[in-house]
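J.: Here are the chains, one letter per residue:
Number of protein chains: 2
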Amino acid sequence: MALVVQKYGGSSVANAERVKRVAERVVQAKKNGHDVVVVVSAMGDTTDDLLDQAEQITADPPGRELDMLLTAGERISMALLAIAISVHGYQARSFTGSQAGVITTSSHGKARIIDVTPGRLRSALDEGSIVIVAGFQGVSQDTKDITTLGRGGSDTTAVAVAAALQADVCEIYTDVDGVFTADPRIVPNARRLDTVTYEEMLELAACGAKVLMLRCVEYARRYGIPVHVRSSYSQLPGTTVTGSMEDLTVEQAIISGVAHDRSEGKITVYGVPDRPGEAAQLFRVLADAEINIDMIVQNVSGAASKLADISFTLPKADGPTALAALEKVKNTVGFDHVEFDQHIGKVSLVGAGMRSHPGVSARFFGALADAGVNLELISTSEIRISVVCRDTDLDLAVRAVHDAFELGSDVEAVVYGGTGR
Amino acid sequence: MALVVQKYGGSSVANAERVKRVAERVVQAKKNGHDVVVVVSAMGDTTDDLLDQAEQITADPPGRELDMLLTAGERISMALLAIAISVHGYQARSFTGSQAGVITTSSHGKARIIDVTPGRLRSALDEGSIVIVAGFQGVSQDTKDITTLGRGGSDTTAVAVAAALQADVCEIYTDVDGVFTADPRIVPNARRLDTVTYEEMLELAACGAKVLMLRCVEYARRYGIPVHVRSSYSQLPGTTVTGSMEDLTVEQAIISGVAHDRSEGKITVYGVPDRPGEAAQLFRVLADAEINIDMIVQNVSGAASKLADISFTLPKADGPTALAALEKVKNTVGFDHVEFDQHIGKVSLVGAGMRSHPGVSARFFGALADAGVNLELISTSEIRISVVCRDTDLDLAVRAVHDAFELGSDVEAVVYGGTGR
Chain W
1 MALVVQKYGG
11 SSVANAERVK
21 RVAERVVQAK
31 KNGHDVVVVV
41 SAMGDTTDDL
51 LDQAEQITAD
61 PPGRELDMLL
71 TAGERISMAL
81 LAIAISVHGY
91 QARSFTGSQA
101 GVITTSSHGK
111 ARIIDVTPGR
121 LRSALDEGSI
131 VIVAGFQGVS
141 QDTKDITTLG
151 RGGSDTTAVA
161 VAAALQADVC
171 EIYTDVDGVF
181 TADPRIVPNA
191 RRLDTVTYEE
201 MLELAACGAK
211 VLMLRCVEYA
221 RRYGIPVHVR
231 SSYSQLPGTT
241 VTGSMEDLTV
251 EQAIISGVAH
261 DRSEGKITVY
271 GVPDRPGEAA
281 QLFRVLADAE
291 INIDMIVQNV
301 SGAASKLADI
311 SFTLPKADGP
321 TALAALEKVK
331 NTVGFDHVEF
341 DQHIGKVSLV
351 GAGMRSHPGV
361 SARFFGALAD
371 AGVNLELIST
381 SEIRISVVCR
391 DTDLDLAVRA
401 VHDAFELGSD
411 VEAVVYGGTG
421 R
Chain H
1 MALVVQKYGG
11 SSVANAERVK
21 RVAERVVQAK
31 KNGHDVVVVV
41 SAMGDTTDDL
51 LDQAEQITAD
61 PPGRELDMLL
71 TAGERISMAL
81 LAIAISVHGY
91 QARSFTGSQA
101 GVITTSSHGK
111 ARIIDVTPGR
121 LRSALDEGSI
131 VIVAGFQGVS
141 QDTKDITTLG
151 RGGSDTTAVA
161 VAAALQADVC
171 EIYTDVDGVF
181 TADPRIVPNA
191 RRLDTVTYEE
201 MLELAACGAK
211 VLMLRCVEYA
221 RRYGIPVHVR
231 SSYSQLPGTT
241 VTGSMEDLTV
251 EQAIISGVAH
261 DRSEGKITVY
271 GVPDRPGEAA
281 QLFRVLADAE
291 INIDMIVQNV
301 SGAASKLADI
311 SFTLPKADGP
321 TALAALEKVK
331 NTVGFDHVEF
341 DQHIGKVSLV
351 GAGMRSHPGV
361 SARFFGALAD
371 AGVNLELIST
381 SEIRISVVCR
391 DTDLDLAVRA
401 VHDAFELGSD
411 VEAVVYGGTG
421 R
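Protein chains in written order, with full-length UniProt numbering: chain W, 1 to 421; chain H, 1 to 421.
Hints were generated in silico from the structure; no laboratory data involved.
Please note that the accuracy of each hint is not assured.
DMTMM-like mimics (lysine to aspartate or glutamate), calculated; alpha carbons at most 25 Å apart, straight line [claimed, not checked]: (1) Lys20/W / Asp49/H; (2) Lys20/W / Asp52/H; (3) Lys110/H / Asp49/H; (4) Lys330/H / Asp318/H; (5) Lys20/H / Asp49/W; (6) Lys144/H / Asp142/W; (7) Lys144/W / Asp45/H; (8) Lys210/H / Glu327/H; (9) Lys306/W / Glu327/W; (10) Lys144/H / Asp126/W; (11) Lys30/H / Asp60/W; (12) Lys31/H / Glu17/H; (13) Lys210/H / Asp45/H; (14) Lys31/W / Asp60/H; (15) Lys210/W / Glu290/W; (16) Lys144/W / Asp393/H; (17) Lys110/W / Asp294/W; (18) Lys20/H / Asp52/W; (19) Lys144/W / Asp126/H; (20) Lys20/W / Asp142/H; (21) Lys330/W / Asp341/W; (22) Lys31/W / Asp49/W; (23) Lys20/W / Asp60/H; (24) Lys20/H / Asp341/W.
Note that this is a predicted model, so its numbers are computed, not measured.
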């Protein structure tokens with residue numbers, strides 16, 4: 001008998017019919033002899049509907065009250081799931097984030113889990129109940145106020161609860177069949193991966209693969225929880241995220257996949273005096289504005305002028321804030337002007353075997369050159385190469401790299417709808 | 001500076017516009033220098049919508065999970081109200097029943113408040129915040145599960161919170177202008193009462209006046225909290241429920257009003273052996289089935305036969321359960337047969353001055369006789385006379401009694417829509 005944590009996203013519980021189907025799957029796991037803990041997101045569009053209601057009142061609601069509002073979403077879905085499970089003759093008990101002991105920071109809308117104290121969950125499991133936990137929410141350690149975790153929060157809840165209960169596996173049910181070598185909407189013959197390491201999954205998530213959020217993978221790696229990503233619409237085997245690079249065998253594939261990201265923009269600061277500390281001053285002001293910078297490149301325009309152009313990428317939504325922050329230090333730093341380019345795309349090749357195989361970069365850049373893709377920025381890690389190109393070249397670039405490393409399968413992947421939170 | 005508790009029902013917060021209007025009223029009380037605690041129901045049809053969702057899954061959901069589901073309703077309305085108050089530059093903090101310290105029995109769907117421990121509310125008030133509390137909900141003392149209080153629960157929450165905080169007044173904002181001498185939909189010239197005693201209000205509520213629920217009035221009387229019933233759509237003065245019969249002056253009106261009730265049915269058990277204990281056995285089995293009996297009448301058919309017919313009234317919805325319970329003891333008790341009559345109405349005259357004015361009964365029965373209303377059951381208390389008639393005669397009976405005691409005013413009452421919970 002194992003302890004299994006299952007997480008279902010918003011599209012998996014979007015209406016009564018789907019809730020009933022999830023209930024059947026949960027009951028099946030219980031019938032198979034497992035202790036089952038289920039983490040659920042809010043149903044379908046509930047969160048957006050609640051946000052709309054708040055926006056009808058003001059564009060700038062207080063964070064504490066917005067979190068109170070949004071957490072009604074999981075409350076509804078988890079209670080309905082418990083009711084649907086009861087129809088099968090099994091007892092299910094639902095718990096809010098607070099009741100489940102999900103202790104967080106007090107940063108409303110983007111709280112981080114500090115600890116999970118699962119006393120009530122453990123008691124309910126010991127009584128033989130199926131336990132249901134509201135994803136995405138917790139209670140702040142300092143103020144005892146209700147908090148939400150931000151995007152992808154329900155996955156993180158699932159992994160954190162699995163860690164606290166020392167579960168054997170955390171199954172993430174979603175609307176895709178697992179982790180693929182590329183997005184099947186761009187690369188029709190993308191192949192599902194049976195396994196992927198935490199490190200590779202971290203790189204894929206950081207580079208735009210939406211199947212699992214970064215924070216959730218970080219949590220799973222820290223506590224060594226195997227994460228099993230599966231479709232809630234099929235019985236296909238999915239992808240297991242597990243182990244570390246040290247466990248890799250020589251037979252392991254060199255490359256796990258190609259990720260892409262359309263959500264970033266590029267800011268270029270022209271004519272920055274090429275003196276020590278000038279770039280530091282720019283990035284200090286951006287950090288103070290809580291902007292996450294991704295890739296950075298500096299070009300010295302000419303030796304005589306002693307002026308540099310500095311480009312960096314950042315989430316598109318942060319563009320206006322970043323521009324305003326930079327404008328404030330324009331005179332102090334003494335740069336010429338700033339441009340914000342919203343039409344870039346990023347393609348990344350990820351693979352744990354990359355570091356011991358020197359030919360990877362050459363093949364990567366060769367494929368892009370053959371496809372006629374112009375590269376604007378390049379960055380690498382031990383197990384990843386990322387480049388920025390025009391957004392109009394992005395699909396072409398993903399397919400070229402995917403083909404060059406022969407990552408495809410003979411079977412076309414099935415593509416479903418949107419993703420939950 | 002006073003401490004004011006205000007309660008707003010579901011129709012008062014049915015949409016964003018109405019939530020904003022309630023926010024203005026709340027902020028006005030704060031600007032007037034008062035500490036303000038607001039108790040809210042779920043918005044408009046939210047509770048019914050949530051019940052519908054549960055019914056799409058099963059007709060018989062577990063009580064714990066149904067309560068978890070329904071309590072999402074007030075969570076939404078209270079957060080939106082807090083957001084709307086923030087727009088005016090005042091800080092509002094919303095609290096669930098559990099956070100507000102509303103401790104209840106564990107009887108899901110009809111829990112009773114045991115105690116209110118308002119530590120967090122007091123702290124928030126001390127910080128200068130406007131406090132918002134979810135009506136209708138609490139947390140069970142034994143199991144720490146979320147509970148709901150049943151119909152009229154939000155009014156009870158408001159009075160209980162007012163008692164715990166030793167508030168100066170509890171204002172119940174609703175869709176009528178106050179307590180009337182009769183339902184203005186039946187008696188167009190019904191008069192609004194400026195004041196009514198707890199005892200009279202208890203009788204009116206028990207006899208079908210829907211403006212305040214029985215439990216709420218009981219609570220207010222026990223803790224001596226003045227309850228001010230007012231319209232949330234107007235600035236009219238409303239009705240204050242206060243004091244006790246002992247405070248009555250001789251100038252007080254003899255009669256406060258006429259209540260009516262269409263929600264009851266009548267069961268008649270024919271041919272019950274007229275021996276000691278037979279009736280007791282019938283009412284024992286009904287009590288075991290948790291059925292609340294209202295009025296009871298026994299007629300002995302004839303001295304020779306030694307058989308009696310026993311009639312009693314009960315909530316219509318409990319009819320089928322009562323019939324099934326009676327059928328089980330048919331042979332033991334030895335009665336002939338049972339009939340269930342769903343077409344009755346009850347009219348009640350309530351007035352604290354009644355007991356010292358002996359002519360009241362005569363005038364009451366005279367008015368009904370003159371109107372040609374046939375009476376089927378009669379029951380009285382010190383300050384009330386109730387009769388049961390055909391439901392088709394009910395409006396006629398209410399008007400006849402209202403006229404006979406000259407309760408009307410020269411002004412027609414304004415009638416609004418439905419009532420909240």
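J.: Now, for every hint given, state plainly whether the structure supports it.
T.: Structure-based check of all given hints:
no., hint, result
1, Lys20/W / Asp49/H, "holds (18 Å)"
2, Lys20/W / Asp52/H, "holds (15 Å)"
3, Lys110/H / Asp49/H, "holds (19 Å)"
4, Lys330/H / Asp318/H, "holds (18 Å)"
5, Lys20/H / Asp49/W, "holds (18 Å)"
6, Lys144/H / Asp142/W, "holds (21 Å)"
7, Lys144/W / Asp45/H, "violated (30 Å)"
8, Lys210/H / Glu327/H, "violated (33 Å)"
9, Lys306/W / Glu327/W, "holds (21 Å)"
10, Lys144/H / Asp126/W, "holds (17 Å)"
11, Lys30/H / Asp60/W, "holds (22 Å)"
12, Lys31/H / Glu17/H, "holds (21 Å)"
13, Lys210/H / Asp45/H, "holds (18 Å)"
14, Lys31/W / Asp60/H, "holds (23 Å)"
15, Lys210/W / Glu290/W, "holds (23 Å)"
16, Lys144/W / Asp393/H, "violated (57 Å)"
17, Lys110/W / Asp294/W, "holds (19 Å)"
18, Lys20/H / Asp52/W, "holds (15 Å)"
19, Lys144/W / Asp126/H, "holds (17 Å)"
20, Lys20/W / Asp142/H, "violated (31 Å)"
21, Lys330/W / Asp341/W, "holds (19 Å)"
22, Lys31/W / Asp49/W, "violated (36 Å)"
23, Lys20/W / Asp60/H, "holds (15 Å)"
24, Lys20/H / Asp341/W, "violated (40 Å)"
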